[in-house]
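**Student:** Read off the chains here:
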Amino acid sequence: MRLTQSRYFKAFSEPLIQNNPISMQMLGICSALAVTVQLKTAIVMGLSLTFVLAFSNLTISSMRHVIPRNIRMIVELSVIASLVIIADQVLRAFFYDISKQLSVFVGLIITNCIVMGRAETFALGNPPGLSFLDGLGNGAGYGSVLISVALIREVLGAGKFLGIGIIPESLYRAGYENMGFMQLAPAAFIIIGLLVWLQKSLVKN
Amino acid sequence: MSDNFRSILFAMGTALICSLLLTAASSGLKPYQQENIDVDRKKNILKAIGLVEDSRSYTFDDIKSMYAANITCMQVDSQGQAMQKGDTTGGGLPVYLYTQNGTVAAYVLPINSRGLWGRIHGYLALESDGSTVSGFTVYQHSETPGLGGEIEKNWFQKNFKGKRILDQSGSFVSVGIAKPSVTVSMTAVEKANYVDGISGATLTGRFLSAGLKEILSEYEPVSIRFRSKRMLTVPQDRQTCEDEQ
Chain A
13 MRLTQSRYFK
23 AFSEPLIQNN
33 PISMQMLGIC
43 SALAVTVQLK
53 TAIVMGLSLT
63 FVLAFSNLTI
73 SSMRHVIPRN
83 IRMIVELSVI
93 ASLVIIADQV
103 LRAFFYDISK
113 QLSVFVGLII
123 TNCIVMGRAE
133 TFALGNPPGL
143 SFLDGLGNGA
153 GYGSVLISVA
163 LIREVLGAGK
173 FLGIGIIPES
183 LYRAGYENMG
193 FMQLAPAAFI
203 IIGLLVWLQK
213 SLVKN
Chain B
172 MSDNFRSILF
182 AMGTALICSL
192 LLTAASSGLK
202 PYQQENIDVD
212 RKKNILKAIG
222 LVEDSRSYTF
232 DDIKSMYAAN
242 ITCMQVDSQG
252 QAMQKGDTTG
262 GGLPVYLYTQ
272 NGTVAAYVLP
282 INSRGLWGRI
292 HGYLALESDG
302 STVSGFTVYQ
312 HSETPGLGGE
322 IEKNWFQKNF
332 KGKRILDQSG
342 SFVSVGIAKP
352 SVTVSMTAVE
362 KANYVDGISG
372 ATLTGRFLSA
382 GLKEILSEYE
392 PVSIRFRSKR
402 MLTVPQDRQT
412 CEDEQ
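Chains as they are written, first to last, in my numbering: chain A, 13 to 217; chain B, 172 to 416.
Think of the hints as simulated: they come from the structure by calculation, not from any bench. A hint or two may mislead.
[Said to hold, decoys possible] Reference listing, derived: stretches of chain A covered by chain B, where coverage requires no fewer than 3 residues with Cβ under 8 angstroms from a Cβ of chain B: (1) 27 to 41; (2) 66 to 80; (3) 96 to 102; (4) 123 to 132.
[To be verified] No more than 30 angstroms apart at the CA atoms, straight line, and that leaves these computed lysine-lysine pairs for BS3-like: (5) B:Lys350 / B:Lys332; (6) B:Lys201 / B:Lys324; (7) B:Lys329 / A:Lys52; (8) B:Lys235 / A:Lys112; (9) A:Lys112 / B:Lys329; (10) B:Lys334 / B:Lys400; (11) B:Lys332 / A:Lys172; (12) B:Lys324 / A:Lys52; (13) B:Lys384 / B:Lys329; (14) B:Lys384 / B:Lys400; (15) B:Lys235 / B:Lys329; (16) B:Lys350 / B:Lys362; (17) A:Lys112 / B:Lys384; (18) A:Lys22 / A:Lys216; (19) A:Lys112 / B:Lys334; (20) B:Lys324 / B:Lys334; (21) B:Lys324 / B:Lys384; (22) B:Lys400 / B:Lys362; (23) A:Lys52 / A:Lys112; (24) B:Lys256 / B:Lys235; (25) B:Lys400 / B:Lys332; (26) B:Lys334 / B:Lys362; (27) A:Lys22 / A:Lys172; (28) A:Lys172 / B:Lys235; (29) A:Lys52 / B:Lys235; (30) A:Lys52 / A:Lys212; (31) A:Lys172 / B:Lys329; (32) B:Lys332 / A:Lys112; (33) B:Lys362 / B:Lys332; (34) B:Lys384 / B:Lys332; (35) B:Lys400 / B:Lys350; (36) B:Lys324 / A:Lys172; (37) B:Lys350 / B:Lys334; (38) A:Lys112 / B:Lys350; (39) B:Lys201 / A:Lys52; (40) A:Lys112 / B:Lys201.
Computed from a predicted structure; not experimentally measured. We treat Cβ as the ideally placed atom computed from N, Cα and C, and that holds for glycine.
Given these sequences and hints, build the entire structure.
**Tutor:** Laid out in C-alpha cells, this is it:
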C-alpha cells in the first residue's frame with residue numbers, strides 16, 4: 013500500500029486542505045480574527061492549538077474504552093483545560109511578550125470548537141496513533157489558515173514581515189501608505205471569506 | 172460496582188491527575204515567569220520615563236543594567252518625607268527616582284487602579300517640576316481585548332506625555348481620560364489635563380481616571396516637594412523598596 017493511501021497519512025493530510033477546520037468546517041473563526049494582526053502571534057497560536065489538539069486527542073483516545081459514557085464530556089473538557097493551562101504557563105515562562113499579546117486567546121483555546129469537535133467525533137472512535145495524527149493535521153490546518161491571513165494582514169497593514177519592515181522607504185516617500193483597515197478585525201473576516209471562496213473553487217475542480 | 176459509583180470514581184481520578192499535572196507545571200515554571208514579570212515591570216518603569224522605546228527590542232540584561240544605572244527606589248511617608256533606612260513604622264509609599272548626573276530628572280509612581288474586570292497595574296512618570304506627566308504605562312490588566320485592553324497600546328499611552336496634573340491656577344486636578352476625545356469634549360483650558368478616551372471603553376476610562384486621581388492625590392505631598400525644589404537629589408539612608416532587597 014502506498015504511503016499516501018494509508019489511513020494514517022489520510023488522518024493527517026485530510027484536515028490540511030480538503031477538510032480544513034477553518035475554511036471548510038467554519039470552526040475556530042473567533043480566534044482566527046483576533047490573533048492574526050501579526051505573523052508572530054499567529055504562528056505561536058497555531059503551535060499552541062496543535063499541541064493541545066494532538067495531545068487531547070491522544071489522551072482521550074487512549075482512555076476511550078474506560079471513560080464512562082455519562083461523564084465523557086466533562087472528562088474531555090478537563091483533559092483539554094489542563095493542556096491549555098500547561099501551554100499558557102509555558103508561554104508565560106518562555107515567550108512572555110507574545111503571551112501578553114495573545115492575552116486571553118490562549119486560555120480561550122479551551123472553548124475552541126475544533127478541540128472539542130475532534131475529541132467527540134474522532135478520538136472517541138479511533139486508536140491513539142491515528143487520533144494523534146488527526147490532531148496534528150487539524151492543528152496544522154488551523155495554523156496554516158492563521159498564518160496565511162496574518163501574512164496578508166501584516167504585510168499590507170503594517171508593511172512588515174515578522175516585525176521587520178519590508179516596504180522600502182522610497183515607496184513611502186512616493187506616497188504609499190499602509191492599509192490601516194488590515195489591522196482591524198473585519199479585514200480578517202474578509203480575507204477568510206476570500207480564502208474559503210478560493211479553496212472551495214479549487215477543491216471542487 | 173454501580174455505574175454511578177464508577178463515574179464518580181473516574182471523575183475523581185481524572186481531577187486528581189489533572190491537578191497534579193497543573194501543580195507541577197505551575198510550580199516548575201514559576202521562577203522563569205517571575206523573572207519575566209520582574210523584567211517587564213522594570214521595562215515599564217523605563218518606558219514611562221522615555222528610556223525604552225517600543226520599536227526596539229531589549230535583552231533581559233539591557234533592561235537590568237539600564238534600570239540599575241538610572242533608577243533608585245525609595246519609600247516616602249504620608250508627608251512626602253523620604254523614610255529613613257531601618258524605619259519600621261510601615262505604610263511607606265514607593266517612589267522610583269530617575270537620576271541624571273546626580274539630580275532627579277523624573278519620578279515614577281506605581282499605579283494600581285480599579286478597572287472594569289480587574290486591577291490595572293502600571294506606572295505614571297512625572298517630571299521633576301512635580302506637575303508634568305512624562306509617561307504612562309500599563310503592564311498588567313484584565314480589560315476586554317480591543318476595547319478597554321487598548322490602555323496597553325502606544326497610541327493611548329503616548330497621549331499622556333506633556334499633560335499636567337495641575338490646572339492653570341496651580342491647584343491639583345489630576346490627569347483624566349476624556350469621553351470621547353479631547354478635541355470634542357474639552358475646553359481649551361481642560362485639554363492640558365485630559366487624554367483621548369477609548370471608544371467602547373467608557374467604564375475602563377472612568378475607573379482609570381478615578382484611580383489615577385486617587386493615587387496622584389495620595390502622592391501629592393511628594394509632588395509638592397518637587398514643585399518647591401526640595402527633592403532634587405536622592406536622599407542618603409533612604410528606605411529601599413521591597414523589590415530591590
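**Student:** A:Lys172 and B:Lys329: Cα distance at most 30 angstroms?
**Tutor:** holds, 22 angstroms
**Student:** Do the alpha carbons of B:Lys235 and B:Lys329 lie within 30 angstroms of each other, as the hint requires?
**Tutor:** Roughly 24 angstroms between the alpha carbons, so the hint for B:Lys235 and B:Lys329 holds.
**Student:** Under the criterion that the straight-line Cα-Cα distance not exceed 30 angstroms, is the pair A:Lys52, B:Lys235 satisfied?
**Tutor:** Distance ~25 angstroms between A:Lys52 and B:Lys235 Cα, so the pair holds.
**Student:** Keeping to a limit of 30 angstroms between CA atoms, is the pair of A:Lys52 and A:Lys212 held or broken?
**Tutor:** holds, 27 angstroms
**Student:** Please work out if B:Lys400 and B:Lys332 have their alpha carbons no farther apart than 30 angstroms.
**Tutor:** holds, 21 angstroms
**Student:** What's the verdict on B:Lys324 and B:Lys384, does the C-alpha distance respect the 30 angstroms limit or exceed it?
**Tutor:** The hint holds at about 21 angstroms.
**Student:** Measure nothing beyond the straight line between the CA atoms of B:Lys350 and B:Lys334; if it is 30 angstroms or shorter, mark the hint as holding.
**Tutor:** Distance of about 16 angstroms is within 30 angstroms: holds.
**Student:** Given the hint that B:Lys334 pairs with B:Lys362, test it: the Cα-Cα distance must not exceed 30 angstroms.
**Tutor:** holds, 8 angstroms
**Student:** For B:Lys384 and B:Lys400, compute the direct alpha-carbon distance and say whether it is at most 30 angstroms.
**Tutor:** holds, 23 angstroms
**Student:** Would you mind confirming whether the straight-line C-alpha gap from B:Lys350 to B:Lys362 stays at or under 30 angstroms?
**Tutor:** holds, 12 angstroms
**Student:** Are 3 or more residues of the segment 27 to 41 of chain A near chain B, judged by a Cβ distance of less than 8 angstroms?
**Tutor:** Our answer is that it is violated, as 0 residues pass the Cβ test (under 8 angstroms) against chain B, missing three.
**Student:** Is A:Lys112 within 30 angstroms of B:Lys329, Cα to Cα?
**Tutor:** holds, 19 angstroms
The structure does not agree with the numbered hints 1, 4, 27 and 35 stated previously, though it agrees with the rest.
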